[in-house]
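Chains A and B, in that order, give the protein sequences.
Using our numbering, the first residue of the first sequence is number 1, and each one after it goes up by one.
Using our numbering, the first residue of the second sequence is number 733, and each one after it goes up by one.
Worth flagging that the hints you see were computed from the coordinates, not collected in a lab.
As the structure is a computational prediction, the values presented were derived from the model and not from experiment.
It is possible that some hints are incorrect.
If you want a taste of the chain A side facing chain B, the calculated C-beta under 10 Å gives, among others [stated by the list, open to error]:
id: 1; residue: ASN54
id: 2; residue: SER55
id: 3; residue: THR57
id: 4; residue: GLY400
id: 5; residue: ARG678
Calculated Cβ distances over 12 Å to all of chain A for the following chain B residues [what the hints assert, rightly or not]:
id: 6; residue: ARG744
id: 7; residue: ASP749
id: 8; residue: LEU775
id: 9; residue: GLY785
id: 10; residue: VAL827
id: 11; residue: THR848
id: 12; residue: ILE856
Glycine included, every Cβ here is placed at the ideal spot set by N, Cα and C.
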Amino acid sequence: MNASTNLNRRSFLAASLVAGGAALSFDARIALAAEPADGAAVVLNAFIRIAADNSVTIGAKNPEIGQGIRTMLPMLIAEELDVDWAQVRIEQTDANDKIYGPQGAGGSRATPVNWLPMRQAGAAARAMLLAAAGKSWGVDPASLTTASGMVVHKASKRSAPYSSFAKEAAAVPAPDLATVPLKPASAFRIIGTPVPGVDTPGITAGKPLFGIDIDLPGMLHAALEISPVFGAIIGSVDDKAARAVKGVIAIVPIHSGGTAPAGSHDAVAVVADSWWTADQARQKLVVNWDNGDKASHSTEGYAKAAAQFLKGAAQTELLRTGDADGALKGAAKVVHADYDYPFLAHATLEPQNCTALYTADGKLEFWAPSQSPGSGRKQAAAMLGISPDAITIHMTRIGGGFGRRLMNDYMVQVAQIAKALPGRPVKLLYTRADDIRHDYYRPAGWHQLSAGLDAGGSLVALKDHFVTFGANGEPVRAAEMEPTEFPAQIVPNVHFGVSYMPTFLTTGWLRAPTSNAMAFVFQSFLDEVAEAAGLDLPEFLRRTLGPARALPQVDRDPPFHTGRARAVIDKVCSKAGWQARRSTDKTGKGRGFGFYFSHAGYFAEVVDITMGEGGSIHIDKVWVAGDIGSQVINPLNALHQVQGSVIEGIGQAMLGQKIDVVAGAVEQSNFHDFPLLRIDAAPPEIVMEFVPSEFPPTGLGEPALPPVIPALANAIYAASGQRLRSLPLKPV
Amino acid sequence: MTISLTINDTKRVVDADPAKPLLWALREDLKLPGTKFGCGAGLCGACTVLLDGQAVRSCQTPIGEAAGHAITTIEHVKTLPQGKLVVDAWIALDVPQCGYCQAGQIMSATSLLTQTPKPSAEEIDSAMSGNICRCSTYLRIRAAIRKAAGLSEAA
C-alpha cells in the first residue's frame with residue numbers, strides 16, 4: 001500500500017509486548033499518520049486507511065502462502081476498529097519491518113506474535129476516531145460507542161460514519177498501545193467467525209496474484225543451470241550454442257549465494273525475451289563443473305555411516321537425567337528399536353521464482369514470493385554490496401511455502417542477474433527439476449531407542465542415540481533435536497546422545513520442522529513400549545503424563561502442559577469412540593493413535609485404515625483434536641489448515657516420498673519420482689474438534705501435521721502386525 | 733512463424749515456434765497468466781485448459797497442434813454453464829488455500845461436469861486425479877464438484 005512511501009517520514013511508536021507465557025519481545029512500530037495520503041483517503045496508521053465513502057483499506061503485512069494470513073491479520077484489525085468485514089478492502093503491504101514489524105511466514109508464529117499488536121492497531125485507530133468525534137460534537141469521547149464503522153452518541157441520538165472524522169482523527173495523538181482498551185472475547189463479531197479467503201474470487205478468476213505472474217514493461221526472463229552437485233563451482237562454460245538461439249539476450253554466470261557461501265554453489269543464467277526461449281537455450285549450455293570432493297556424497301553412503309555411528313557411543317550428549325543405563329539394567333521390561341526417515345523436498349506447486357530490477361543508481365527492487373523477505377533483503381544486499389535500504393521488496397501471493405521460501409536463494413540469484421542487466425526487470429523461474437534438485441531438504445535422521453518399564457508398567461528409562469547431520473558438534477539447519485522431546489522431561493532416567501556427520505546438501509525447514517520426523521519416531525516407539533506395558537498408546541500416555549502441570553520451560557521453547565495434552569488425547573478418543581484396548585485381530589482393519597506437541601499446539605489424532613493386497617492402504621477416516629489456545633480466529637481456515645496438514649502427513653508417510661543423492665546430486669526430478677498425494681488417496685473424512693484452553697491463541701500452520709504420521713504407522717501395526725520403523729512406510 | 737489460435741472465443745495470432753507449448757504462449761504471448769506452470773511434464777495438472785471442451789495439459793500441447801481448436805482458459809471459464817457452476821461452488825466452499833493449482837482444478841472439474849453431469853464419488857476422484865493440490869484441498873474439491881452438480885455436498 002502507499003503507506004510504505006507515505007509513512008516512512010513520520011514518527012513511530014514502538015510497543016514492547018509480552019504475549020502468553022513466553023517473553024516475545026515484539027516491536028509493533030505502529031506508524032502514526034498526520035496527513036492524508038493521496039488526498040483521497042485518510043491514513044490512520046500504517047495498517048488502516050479510510051476513504052470518503054467509509055470503505056476501509058487494511059494492510060495485510062505478512063507473506064500469504066496458503067495459511068490464510070492475508071485474511072486473518074486484517075480480521076484482527078477490523079474487529080477492534082469495529083467495522084463490518086464487508087466494508088473492508090485488503091492491500092498487501094510491501095516488506096518493511098521498520099514500519100510493519102515482523103513479516104515472516106514460519107514456525108506458526110504469526111498468530112502468537114500478532115494477536116495483540118494487530119488488535120491494538122485497530123483499537124488505537126478507533127480511539128483516535130472517537131477522540132475526533134467527541135471534539136467535533138462537543139461531547140466526552142467516553143460517551144460514544146461504535147458499530148459497523150459508525151460513531152454513535154446515544155444520548156443525542158447522533159451517528160456518523162468514521163469517514164466524517166477520519167481527517168481530524170489522523171491528527172489526534174495516538175493512544176498508548178499497551179493500555180488502549182481491547183474488546184472482550186464476548187464482544188467479537190469477526191474473530192471466531194468463518195471468513196473466506198480474501199483472494200478466493202481472484203484465484204478462481206485466474207487473476208495474476210502470484211510471483212510467477214509478475215509482468216513488467218520490458219521484462220526479461222531467466223532460466224538457471226545450477227550445479228547438479230551441491231557446492232560445485234563453474235569450471236568452464238561453452239555458451240556459443242545457447243547464445244545463438246533467437247531471443248537470447250545474455251548469459252550470466254552467478255554465485256548461488258543464499259545461505260551457501262558465495263562462490264560455493266555456482267549457476268549459469270540464460271536470459272531471453274521469453275522464459276520458454278531461455279529454458280530451450282539453457283539446454284544448449286555446456287558447463288564443466290568443478291565438483292571438488294563434493295561428488296563423493298550419497299544418501300546410501302550416509303545410511304552406511306549412520307549404521308556405523310549407531311554401533312558406537314554418541315559423539316555428544318544432548319540430555320542426561322538420572323542414570324538411563326542403570327535403570328534399563330534394572331527394568332522389568334526393555335524395548336529396543338531403530339527408526340529412520342529420509343531427506344524430503346518441499347515441492348511447492350509454484351516453482352521458485354523471483355523478479356528484480358536493478359537501476360544504475362544502485363537501487364534494487366524485488367517482486368518476491370518469499371516467506372522471509374527481510375532475510376532476502378540482507379542476503380541480496382550483501383551479495384551485491386549495496387545497502388539494505390537501497391532495496392524495495394513487493395510481496396506477491398505465494399503458491400505454497402511449506403518452509404521452502406524461508407530460504408531466499410532465488411532472490412540472491414535474480415539480484416545478480418538483474419545487476420548484470422541494469423534498467424531491465426528480470427524474472428527468474430526454476431523448472432520443476434530445478435526446484436526438486438536445488439531445495440533445502442528436510443534432513444534424514446536415524447535413531448536408536450531403548451525404553452525401560454518397571455514392574456508396574458511405568459516408563460522409568462528412555463535412551464536415544466540420534467544420528468544426524470552437522471559438524472563441530474552443531475547440527476545443520478533443521479537437523480536438531482530438543483532436550484524437551486516428549487516424554488524426556490517426565491521420565492526419571494533419560495539419555496539423549498547425538499552424532500553428527502557432514503553433508504554438502506543444503507537443508508532447511510519443512511512444515512513442522514523436526515517435529516514431522518520426531519513425532520513418527522517417538523510416538524511409534526511409544527506405541528511399542530505401551531504394548532510391552534500391556535496398554536494402548538492413549539492410556540500409556542495418560543499414565544506417563546501424570547497430574548496436570550506445566551513442565552519447566554527450556555530455552556525459548558513454549559512450556560509443555562500435561563493437562564492440555566491429556567485434554568486433546570481424551571477428546572480425540574471420545575470423538576473416535578476409541579476402545580480402551582489394543583486392536584490385535586489383524587483383520588486388515590486397523591486403528592492407530594498419535595499425539596504431538598509442536599509450535600505451541602497440542603494435537604491428538606486417530607487414523608482408521610483398511611489394508612488390502614500387497615500392503616495397499618485405504619484411509620477410512622481421521623479424527624483430530626487440537627488445543628491452540630483460547631480462540632480459533634478463523635474457524636473456516638482453521639479446518640482447512642488441519643485437513644491440509646493431515647493429508648500432507650499421510651502423503652509423506654505412504655507414497656514413497658524421499659530424496660536420494662548419488663554422486664553428490666539429487667536423483668529425483670518431478671512428480672513421477674517425488675510423488676505428491678492425489679485426490680484418489682485422500683481420506684473421505686477428517687473430523688476436527690478444537691479443545692479451547694485459557695492460553696493465548698497460537699498458530700495452526702504446522703502442529704496438526706506431525707501426529708498423523710505415527711497414527712498411520714500405528715494403524716498399520718494394528719491392522720497387520722507390521723511394525724514399520726522407516727519412512728516412507730512400506731507395508732507388504 | 734505466426735500461428736492463429738482461438739482463445740476464449742477470440743481469434744489470436746502468436747508469432748512463435750510451433751513447438752512452443754500452449755502454456756507458454758498463453759502466459760507470455762497472450763498475457764493470460766491464469767493458466768499455471770507446475771511441472772512441465774503433464775504430471776500435476778496446474779496448466780489444464782479446455783481444448784474443444786476437453787481438459788488437456790497445455791504444457792504438453794504445442795501451439796502448432798492447438799491451432800484450429802477452441803481453447804478455453806480459467807479467465808473465460810465462467811462463460812460456460814458448467815464453468816460458472818464450478819467457480820460459484822469453489823467460492824461458496826472457499827476451496828483454495830495457496831490457490832496455485834486451482835485454475836487447473838476448476839478446468840478439470842468443468843470438463844468432468846460437461847461430460848458427466850452427475851458424477852459418482854469414484855468418477856470425481858478418477859477425473860480429478862491428474863490435478864495435484866500441494867495444500868491438499870481435496871475434501872473441498874470433492875464437495876464443490878458435488879455442489880456444482882446439484883448433488884449433496886457430502887459423499
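Next item on the list: Identify every previously stated hint that the structure contradicts and give their numbers, smallest first.
Entry: Violated hints (numbers, rising): 1, 2, 3, 7, 8, 10 and 12; every other hint is consistent with the structure.
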